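Engineer: With chain A held as given, fit chain B onto it using these hints.
Listed here are the chains, written in short residue letters.
Protein chains: 2
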Amino acid sequence: MRSAWRNTSSFTHFSVCVCVCVCVCVCVCLGSNYAMSNGGGGAGASISTHLLDLLEEPIPGVGTYDDFHTIDWVREKCKDRERHRKINSKKKESAWEFTKSLYDAWSGWLVVTLTGLASGALAGVIDIVADWLNDLKEGVCLSAMWFNHEQCCWDSNETTFAERDKCPQWKTWAELILGQAEGPGSYIMNYFMFTFWALSFAFLAVSLVKVFAPYACGSGIPEIKTILSGFIIRGYLGKWTLMIKTITLVLAVASGLSLGKEGPLVHVACCCGNIFSYLFPKYSKNEAKKREVLSAASAAGVSVAFGAPIGGVLFSLEEVSYYFPLKTLWRSFFAALVAAFVLRSINPFGNSRLVLFYVEYHTPWYLFELFPFILLGVFGGLWGAFFIRANIAWCRRRKSTRFGKYPVLEVITVAAITAIVAFPNPYTRQNTSELIKELFTDCGPLESSQLCQYRSQMNGSQAYPAGSDAAAAPGVYSAMWQLSLALVFKIIMTIFTFGLKVPSGLFIPSMAIGAIAGRIVGIAVEQLAYYHHDWFLFREWCEVGADCITPGLYAMVGAAACLGGVTRMTVSLVVIVFELTGGLEYIVPLMAAVMTSKWVGDAFGREGIYEAHIRLNGYPFLDAKEEFTHTTLAREVMRPRRNDPPLAVLTQDDMTLAELQNIISQTSCNGFPVIVSKESQRLVGFALRRDITIAIENARRKQEGIMLNSWVYFTQHAPTLPADSPRPLKLRSILDMSPFTVTDHTPMEIVVDIFRKLGLRQCLVTHNGRLLGIITKKDILRHMAQMANQDPESIMFN
Amino acid sequence: MRSAWRNTSSFTHFSVCVCVCVCVCVCVCLGSNYAMSNGGGGAGASISTHLLDLLEEPIPGVGTYDDFHTIDWVREKCKDRERHRKINSKKKESAWEFTKSLYDAWSGWLVVTLTGLASGALAGVIDIVADWLNDLKEGVCLSAMWFNHEQCCWDSNETTFAERDKCPQWKTWAELILGQAEGPGSYIMNYFMFTFWALSFAFLAVSLVKVFAPYACGSGIPEIKTILSGFIIRGYLGKWTLMIKTITLVLAVASGLSLGKEGPLVHVACCCGNIFSYLFPKYSKNEAKKREVLSAASAAGVSVAFGAPIGGVLFSLEEVSYYFPLKTLWRSFFAALVAAFVLRSINPFGNSRLVLFYVEYHTPWYLFELFPFILLGVFGGLWGAFFIRANIAWCRRRKSTRFGKYPVLEVITVAAITAIVAFPNPYTRQNTSELIKELFTDCGPLESSQLCQYRSQMNGSQAYPAGSDAAAAPGVYSAMWQLSLALVFKIIMTIFTFGLKVPSGLFIPSMAIGAIAGRIVGIAVEQLAYYHHDWFLFREWCEVGADCITPGLYAMVGAAACLGGVTRMTVSLVVIVFELTGGLEYIVPLMAAVMTSKWVGDAFGREGIYEAHIRLNGYPFLDAKEEFTHTTLAREVMRPRRNDPPLAVLTQDDMTLAELQNIISQTSCNGFPVIVSKESQRLVGFALRRDITIAIENARRKQEGIMLNSWVYFTQHAPTLPADSPRPLKLRSILDMSPFTVTDHTPMEIVVDIFRKLGLRQCLVTHNGRLLGIITKKDILRHMAQMANQDPESIMFN
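Each protein sequence line maps, in turn, to chains A and B. Note that UniProt numbering numbers the first sequence so that position 772 is 772, with each residue one more than the last. Note that UniProt numbering numbers the second sequence so that position 61 is 61, with each residue one more than the last.
Among the clues, some could well be false.
A pair counts as met if it fits within one copy or between any two copies, since identical chains are not told apart.
Said to hold, decoys possible - Listed below are the simulated DMTMM-like cross-link pairs for lysine to aspartate or glutamate, each with C-alpha atoms no more than 25 Å apart in a straight line: (1) K100 - E626; (2) K86 - D602; (3) K757 - D744; (4) K625 - D653; (5) K166 - E659; (6) K625 - D602; (7) K327 - E82; (8) K91 - D104.
It is worth saying that the hints were derived from the structure and are not from the lab. No experiment lies behind these values; they were computed from the predicted model shown.
The following block holds chain A by itself, in its conformation from the complex (with noise of 0.2 Å):
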């Protein structure tokens, strides 16, 4: 790691990254300004809906949502294959249009090229930008202000290899200001500053997002999931909550909370992927395209966040997204690529790896060990369903009551208490990317840590494992006290953080608990290994003085079932962390523990941390994992109940202007069944509410002589009308031909698949051919919850 920094001067890799920089700045800027010009905000601007009726004239508006709203994925994807058939058809014409057919052929791979670049970058700026706050903390560098503690001391050829750390250039504040390095006073300067510059980074970080940008706080993975099923939340991924999440995060790092930067990259990573799509019109102006984009987006922010192109591809596909067809799995492990590439020539650990905590173990593992490794497995999901509860509880208290009135002071008080108790323990001072690296390597002769204080190693035999002296000494003891001490504190501190008003992960504190559980686990059958070599379960493996122990792996393991227990991964998961090993070997183990903290987890709840959040925030989310399980029928879900007003519906042929607008004015649904007549209640189509007003207003605007008492057709041809009526509104091209139906006596398990494979927004309900009642998506989420017992009213977003 040294010599690579010392090889490539520092500079290089500063002036790549502050070019790279520089173009992803322009780009975003570029792509937002396209994005205001096109009416800005989250959903595409005004958008003709050839696909209704091509002969009648397009009215702008009609096809858009609205904030909160549920998208239509079907008419989407028929829009954009409408939008290519023209595109294609017109190609031949010229060359412009050629070249046109070509941009738009190529958009795609060019969005999530600059998505990818945008993402890489934006990463390892965050990671040289934390590390250097994170070490402002305890001291700064003489010689250069911009240098952390690390490439401060590799400058200066006065320390040694085992005094790495200690170095004339880097003055701590005590040095600095007290002009003394040891004893209590500096002690206490140091405790003092550390405190301070905590506090400071926490202030701003919260205050910054809570007065420009308030959706940066979280993770923002359960928003991220809801927006890929099919939720518009504008602004989410836009151009502020980009760059005020970029700053905070920073910030939020370095303040020493007990949370991570990779939930948020994921975050970061969708907000480029959405502002470069609105370069491209194919992606601007078609939310389920757009979607594409961002499922993409979300693999290259986990690439980058663990090195791990095909993990952050396979997270993509298994966690956040919703519609993930071919194409996108192809696009989004290409945006992965180029993402993590841009991270590697910015280096910013100086070690040519993407993530701080690359291993590899050179010892195999034994068939007896599956045993402790399980153990870690059921540690891992206790953890993950403890956590869980404890958060939400903790989250629901914030929301309901006055408490979560004031972020700034819970940001600050949370902040101080870790800060303060976190100070006097090294393992929970340090960075805690560097505690997992720490805990995840193995004990070589060049280990200086506390960890590998073995006695061979006191001997002065540098020749470990073969030194044959695994015994532990005082020092491993001291940090095993140590390393308890943390996790108690990891494990309370996580629960009060996860949720507060800053960028906060959740991977790296999950990962540290059980990195920390894992190691302590490791080095416990270690000893016993060592001491009772002749047991039956060590003799055949275990030789007196043989390595057969790798503690590292256990850490590694328990971080895999801990952040399994809290996530609910699978697949991506341990294929995450074994491009963090790179060795096939290790995957059993692992396969192993992230399977048992999923039972033992789902025994206790089957919801992930990302899905519990989701029905805190109350957000429309159709779960694809959830299984229905029940055996209602859609009669018994779709409205009206039996109970309720008729459902509203309009008649092809036979209303008035007024009558229109009292039906739209007097109801609050979406969306009208058109049927033939109030007799008969053969349905035809289904108008949208937003799409009526829109067309009404603007036949007010060009057609002259309609009023109110104007007849409102849906049919192809006008109705035969009195000769004195005044002119007729014709609504034909807003009437969508082709709702979807079921009987009333279809299973809701038939309704929930075809709403969750369709991404339908509702569906309506027949009987022998008549029209009974409608269901959308927000009663499938009611009744389920119904169905749960829980309070139905208590999940709709508000």
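Structural biologist: Positioned in the frame of chain A, the structure of chain B alone reads:
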């Protein structure tokens, strides 16, 4: 490799292998016996369709499928949920029921574990036996007949490393029969014996396939794709197919034909999955659930074929599977891992690796090299497009002319030509997998291959590449000639071989062609860089004497490009090859080549070889990847067409049994819509032909008084009948009360989407609530063929 085998006695391996095989055989037999006792074949046995009407007595046989029919995914999934609910509601009744529910919950894991074990064991056996048979063509090991050439000479202490292929124990046929090792006589003798064995193996293989299991031929992947999409081909995955395919695969590989064992291994794994699923009623009685097991099995198949568990899962996801819920992803991963570990513990290649061609490269690649890599991609795409056209043309000729009636003769002719042409050229004589290995491997000091005869090595300098003389010696030039000839030979023979009536995979021949082309390009670039190292292109990074080009990497990129051109796989292909090398570093060249090859190939035709074969055979496969881009509406596709007779419908309560039977006998459709009355045409439900027939037979057998003039009714209550009428027949229990409907105005792109995503078999078309017609999966396929200007009648399964 040598030492690995020496350390661990071959007998250990052999015994492990035998044990696993015995276990597998016992399980397979158990499984298939169970299958036979359950009615055997492919579709599940008698299932009561509780979901239709829980109050009715279930009729045996209702809800099953005929051979060559399409399953209804929605209904199968409902059936499974019903079964699950039943078990769940019962499980608290007694300890026995609780055990049963536990068994049910675990059966998914059990069946994938068994499948993984069996696939890994069979792959190991196939590898070992194929190797041995392949060497039998050259000679025998006198000291131990069951050793192949390599193992035979490892036990000999008389050979040096350089001459490790020659040892006194191993006798070529010429030595054994003529008693002389050198000279034209012995060459002719060896040539003759080589051809003789090749022909014998080929004859045996094709005869076994022809007599015992005609389904065992080909690669099986097109059929597995079709089966996974919901088609039933009884016996395609049965025990006979498994047994014969395993035996003939070994023979076909050993016969030296230009084919591989990787594709058929997927078929073998799927057979194992199918057979084991009969042990578990959850899977044997539900066609949709069984396909989850098959998806996992195909992942295990690729996992053992290439030693790439993650690649296998992605292959299953991207290439073969149709319905792939996340639960299946996790189980597929597990099956793939189990299979890989069984294969590794069998250790068929004696190198502790899963595949023969595992490689590690040590030099990085340079940006300029992307140019030859993309060239290789273009070559791969062109080869893929050419191969697909030529092979399909040849297969169509075989199908349509009488030439196809002599499969044995054809196989023997091709085998004879292959053997006769292959023998003189060392690169075609050797096993194709070994050829690929040799081409992938970089030249090192220990490589004795002709391809590595650089001047530095001729001078006796061991330190290549530091030997600084990378100029090619005559050996390399003659190797280049031989490779070029081998390339032409492989290209021609592969076209005629794929589609023969023996098990034949396409992965290895395609990879071999790409690897040869890649290696030739690689050596050319290397020599260019050597002789022109002061060109501006090479100056920067190619210092004199440095080893800046890795020809082995070119071979690997070429192999990926050619495989990509033929199969049009993307992510899974890159991941599979990535798992061969293990370095993230080389993903970018691979992606560049695979993307280019896909684009170039797609320009000539969007179908991969498997889709082309599916279409050639007329399987009803609705490809999820192909976009439906036309603007037709549902009413243009539905039957009846304009001039057709009206749709055969049943009325809900005014038909006699005679009328019903009349309608059934006069039409050939598989199901009939049930309407309220002929006048209103309002839809009530849908009844399947098979179910009606079974229900009538059942009623005749069990209920008295059912006569030809009995009234048939589908309503809840019997209609009021005249006093003298015979006992009516109630058929409500077989009526599907929730048929899928679309309106006549629905764009076909939405209809196709619904069919794909929900796995429908048919869909009814209505207009304003009245039934108009029906669209089946075959109607859609026929319409798509018409739109693509193909003869719609040629594509249907025959």
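Engineer: Confirm or reject each hint.
Structural biologist: Hint check results:
no., hint, in the structure
1, K100 - E626, "between (43 Å within a copy, 23 Å between copies)"
2, K86 - D602, "between (49 Å within a copy, 21 Å between copies)"
3, K757 - D744, "both (20 Å within a copy, 22 Å between copies)"
4, K625 - D653, "neither (44 Å within a copy, 42 Å between copies)"
5, K166 - E659, "neither (82 Å within a copy, 98 Å between copies)"
6, K625 - D602, "within (13 Å within a copy, 35 Å between copies)"
7, K327 - E82, "within (19 Å within a copy, 35 Å between copies)"
8, K91 - D104, "within (11 Å within a copy, 57 Å between copies)"
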